[in-house]
Amino acid sequence: DTGVSQDPRHKITKRGQNVTFRCDPISEHNRLYWYRQTLGQGPEFLTYFQNEAQLEKSRLLSDRFSAERPKGSFSTLEIQRTEQGDSAMYLCASSLAGAYSPLHFGNGTRLTVT
Amino acid sequence: AQSVTQPDIHITVSEGASLELRCNYSYGATPYLFWYVQSPGQGLQLLLKYFSGDTLVQGIKGFEAEFKRSQSSFNLRKPSVHWSDAAEYFCSRTEAGGTSYGKLTFGQGTILTVHP
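Residue numbers (my numbering), protein chains in the order written: chain A, 18 to 131; chain B, 630 to 745.
Take these hints with a grain of salt, some might be off.
Result set (BS3-like, lysine-lysine): computed pairs, CA atoms no more than 25 Å apart in a straight line [unchecked claim]:
1. LYS88/A to LYS31/A
2. LYS88/A to LYS732/B
3. LYS678/B to LYS690/B
4. LYS74/A to LYS732/B
5. LYS732/B to LYS697/B
6. LYS88/A to LYS74/A
Source of the hints: derived by calculation from the structure; they are not laboratory data.
Here chain B stands alone, though its shape is the one from the complex (with noise of 0.2 Å):
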């Protein structure tokens, strides 16, 4: 079954820093790969998707992920964190077409605190 990891329950960050939120997906085909973005109380917003091609993405708010094959990972990256990113990251995979599609599979999340 597939399956996301993400090996960082809580990490915490002053303002101004670099971030790296790490993701590590089960062997698939080919997997699409998403970040997504959760503040409270709040739904899901997506920062970033991998499908094919170029292995460094690039999402919104300034956020990039880089797609390693060999090491099944998908971490996402910013080099300079802001106070307004402190929120809950999930990594998320789904497989290519047909009617897998959309039937995401999430990590358990990463809670990143900010300080000032």
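For reference, chain A alone in the conformation it holds in the complex (with noise of 0.2 Å):
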């Protein structure tokens, strides 16, 4: 087990320009969670996949948020024309599909818009 993964550790990117985030979750773990926080609060679910399938989006996914899963395996998160409102710390996690099985989260990208 060696745990969830994610590139970059941090990023800094100008207002306006796209930025891509990548997830490699625990390898027998169908399920791939993405989660967004910002400084002094908890973790807000984005989105989540179930093999290749994405389930569920969030409100807080404006139109500018894409993430794919495209088999199964890692997955990524782009943001089109970033705004400074998406300066935050972005989680990924996984799980089995089981409705017992526990998150596994990985140590997050920091995203800071200038």
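Fit the two chains together into the complex; they arrive one by one in their own frames, and the hints show the way.
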């Protein structure tokens, strides 16, 4: 078990630029989740996949955000035309599909939009 | 909508003292409850979870939590705190089963400072 891996750890970008983050889940986990955490707050759910299917998206996920999990393994989260309000920690988690399977979180990607 | 409240934003204790972090959740038919810990710049590590059964659950690092349905609470406790326990602690919940599982709702977090 090598854990959930996220890349990059930190990203600084200028407003209006596009950014893409990658998440590699634990290999046998078929569920993958994206959360966003702003300073002083708990993580907020963004979206999740079961295998390659994106099953749910939060209202927080505006049309500038898109997530993919093309082969049911790694996932990418892209933010287009970044805004300063997008500055946050983006957390990825994975789990097995069973009801009693806990989420395992990665160390996150910290995005700063200047 | 589901919600989780952690009334204490910041708690300071002395090393060796006992600890209790409070968590209240909004009513739900079958809440699944969790406590996570987050060190600076790190992801979240699961401390313990409650699904059903015994209302006192044991976790890693000597932590335990008690589920009290009548009070809608799931407080985290540790009898003797170590300096390495300094971190931010998050209570969270989800609903049982189906597509809702994994959509965790988190509290705001409680920052724990440990004095030597």
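Verify the proposed pairing of LYS678/B with LYS690/B, using a straight-line Cα cut of 25 Å. holds (14 Å)
Would the hint linking LYS88/A and LYS74/A be met if the CA-CA limit is 25 Å? holds (19 Å)
Mind checking the alpha carbons of LYS88/A and LYS31/A for me, to see if they're no more than 25 Å apart? With a Cα-Cα distance of about 31 Å, the restraint between LYS88/A and LYS31/A is violated, given a limit of 25 Å.
Given hint LYS697/B paired with LYS732/B - CA-CA distance at most 25 Å: holds (22 Å)
Hinted pair, alpha-carbon criterion (25 Å max): LYS74/A, LYS732/B. Please report holds or violated. The given pair, whose Cα atoms are some 10 Å apart, holds under the 25 Å limit.
Given the hinted pair LYS88/A and LYS732/B, is their alpha-carbon gap at most 25 Å? With Cα atoms ~22 Å apart, LYS88/A and LYS732/B stay inside 25 Å; holds.
Checked against the numbered hints above, the structure violates only hint 1.
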